[in-house]
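Enquirer: Sequence:
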Amino acid sequence: MDRVTLGNTGITVNKNGFGALPIQRISQEEAVKLIRRAYEGGITFFDTARVYTDSECKLGAALDGIREKVFVASKTAAADAESFWRDLETTLKNLKTDYLDLYQFHNPAVCPKPGDGSGLYEAMTEAKKQGKIRHIGITNHRLMVAHEIVESGLYETLQFPFCYLATEKDMELVEKCKKAGMGFIAMKSLSGGLITNSRAAYAFAAQFDNVLPIWGVQRANELEEFLSYVENPPVMTEELRQVIEKDRAELQGDFCRGCGYCMPCPAGIEINTCARMSLLIRRAPAQAQLTPEMQEKMRKIEGCLHCNKCRSKCPYGLDTPALLEKNYKDYKEILKAGEIKPLKG
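End of the sequence shown = 345 in UniProt numbering, gap-free, step of one.
No lab work stands behind these hints: they were computed from the structure.
Cut-off 30 Å, straight-line C-alpha distance, at most; resulting in silico cross-link-like pairs (BS3-like, lysine-lysine): (1) 128 - 179; (2) 132 - 113; (3) 300 - 336; (4) 297 - 329; (5) 313 - 176; (6) 132 - 176; (7) 332 - 297.
Nothing here was measured: the structure is a model prediction, and the numbers come from that model.
Please work from the sequences and hints to get the whole structure.
Expert: Structure follows, in structure tokens:
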């Protein structure tokens, strides 16, 4: 069994964290069953957020009676102290607990610090003094902000996108966290569905002894894959290395990670799906990806206002309108080639 300790927190778990964002999409009954199965299979770290609609409520229902046997992390996107306390109390109520093992600022544009005028960091430390949280963390998608976070010395954990499509700069950030004694939680370890070989994804993460990947799970068969790795963790082999090299050659570069921070779109475009369709159809048959529902979403690209709001909000600095245009062009080429049945009208 591979185990990882999150920096100096003392939180030690196996290298399979449960990302609870996707359980928003399933019923409470299904979610409770899935989470309970995860716990029974050896997963003890569960990550959610206040903005994940009913995710906290579902997690709270599932962990009722076993709360002391697991580690629970949540996040707040509060911009001021008043909102912070409101979020925290709501989260504790939803999760049916009187404390969080880890509470994280959720992708702030800047690193919250004492005396910055927001009152956020002061509220976080006060919550820790009161015993409502045990450790202070933060999440981000911006490399520059992430470095500032590590250098500040104020946080015990950093949650950041990290998978085998990562750049050298991303890997340098992981090492920087290790030297600083900070835990590193890897979000988007499957790159939002672009990575389809979970063994390769796990084996890559296993090479970094300070990294805890959290897998976004909403189906039983997905969960069973990761549970099988608790007792039999994949190790890097030449076969898996070739899978990674092929995917990196095909997918690395300026691509949409699907984080959704560009949303909402004033033209109603589901940017975080439509701007990555070209990549998704490389990973699965076009018929599976371009369902009638998805084709309707792709057609909304025609109404792009070119307002550049999405571009200004992208944490990766992508030219999002250009990506949408490219993806729509690829969609039209597939239609022209007769690979899928076009919509009427």
